[in-house]
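All residue numbers for the sequence shown refer to the working numbering, where the first residue is 11 and numbers rise by one.
No lab work stands behind these hints, which were simulated from the structure alone. There may be inaccurate statements among the hints.
What the hints assert, rightly or not - Below, simulated EDC-like cross-link-like pairs (lysine to aspartate or glutamate); rule was C-alpha separation at most 20 Å, straight line:
(1) LYS238 x GLU226
(2) LYS87 x GLU132
(3) LYS87 x GLU51
(4) LYS214 x GLU229
(5) LYS87 x GLU76
(6) LYS87 x ASP111
(7) LYS87 x GLU52
Said to hold, decoys possible - Ranges of calculated distance between the beta carbons of each label pair, as one might list FRET restraints:
(8) GLY112 x GLY139: 21 to 27 Å
(9) ASP75 x PRO113: 17 to 23 Å
(10) GLU138 x LEU175: 35 to 41 Å
(11) ARG135 x ALA206: 34 to 40 Å
(12) GLY185 x ALA47: 21 to 27 Å
(13) GLU51 x GLU180: 16 to 22 Å
(14) GLY244 x GLY89: 24 to 30 Å
(15) GLU226 x PRO104: 34 to 40 Å
Model, not experiment: these values are computed from the prediction. Using N, Cα and C, we set each Cβ at its ideal position, and we do this for glycine too.
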Amino acid sequence: MSRVLVVTGGARGIGAAVALRAAQDGWAVAVNYRASADRAEEVVRQIRDRGGVAVAVQADTSREDEVVRMFDEVERKLGLLGGLVNNAGVVGQPGPVQQIDGPRLREVLDVNVVGYFLCAREAVRRLEGRSGAIVNVSSRLASLGGAGEQVHYAATKAAIDTLTLGLSGEVAPRGIRVNCVRPGIIATEIHAARPADVLANVEKAIPLRRIGRPEEVAEAVVWLLSDKASYITGALLDVGGGR
Numbered sequence: 011m012s013r014v015l016v017v018t019g020g021a022r023g024i025g026a027a028v029a030l031r032a033a034q035d036g037w038a039v040a041v042n043y044r045a046s047a048d049r050a051e052e053v054v055r056q057i058r059d060r061g062g063v064a065v066a067v068q069a070d071t072s073r074e075d076e077v078v079r080m081f082d083e084v085e086r087k088l089g090l091l092g093g094l095v096n097n098a099g100v101v102g103q104p105g106p107v108q109q110i111d112g113p114r115l116r117e118v119l120d121v122n123v124v125g126y127f128l129c130a131r132e133a134v135r136r137l138e139g140r141s142g143a144i145v146n147v148s149s150r151l152a153s154l155g156g157a158g159e160q161v162h163y164a165a166t167k168a169a170i171d172t173l174t175l176g177l178s179g180e181v182a183p184r185g186i187r188v189n190c191v192r193p194g195i196i197a198t199e200i201h202a203a204r205p206a207d208v209l210a211n212v213e214k215a216i217p218l219r220r221i222g223r224p225e226e227v228a229e230a231v232v233w234l235l236s237d238k239a240s241y242i243t244g245a246l247l248d249v250g251g252g253r
């Protein structure tokens, strides 16, 4: 029987790359999405075409009732949970702190922090008595700060780093590992929309002199889920090209 993995925000970008890569390792993957049903079903189709097992599951991870429903649905359709990749997130409208209003701030906090906590809670509850792994997707901005445009986003990712450290110590005696991957600038839709000259300047600031690919982040995530990382918990793994 395949191990069952929930990937939140699995319809696009890093989440989709993680879902596809995890399926290659034999995980049965639940591809979570909030609104992008067609894209989630496309990821599921690709996994199935390659001989894997996958389902698409809709849920707004910032809502407690929907998170509980999602995990119940996954276990009904695929079996007992084996792992979670907390990836669903929003960047929010960029801008300096003095321009961030309450609704914009709450959206970023609700999805990026509350959602991660709720999903981690449900995963821990369902992994009780069995070994399993949780990988949180944070950001290098948790350490860099995001001054000028993304302080609010960076602050939510710093919270996820702390969640990783605290939860890993809490559940390690129960055989549950919790780690974190912190991507740098990755070639997702957010960055693809930037002008070419801006991207060129960004690349110059990265020691490896290029923007990363979602598949490179996925390799790190899936490795941390695997038995090859069996003695690793509470780790914050940077995937940022040296930046």
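TODO: Could you check the structure against the hints above and give me the numbers of any it violates, in ascending order?
DONE: Checked against the structure, the hints that fail are numbers 4, 6, 8, 10, 11, 12, 13 and 15, while the rest are satisfied.
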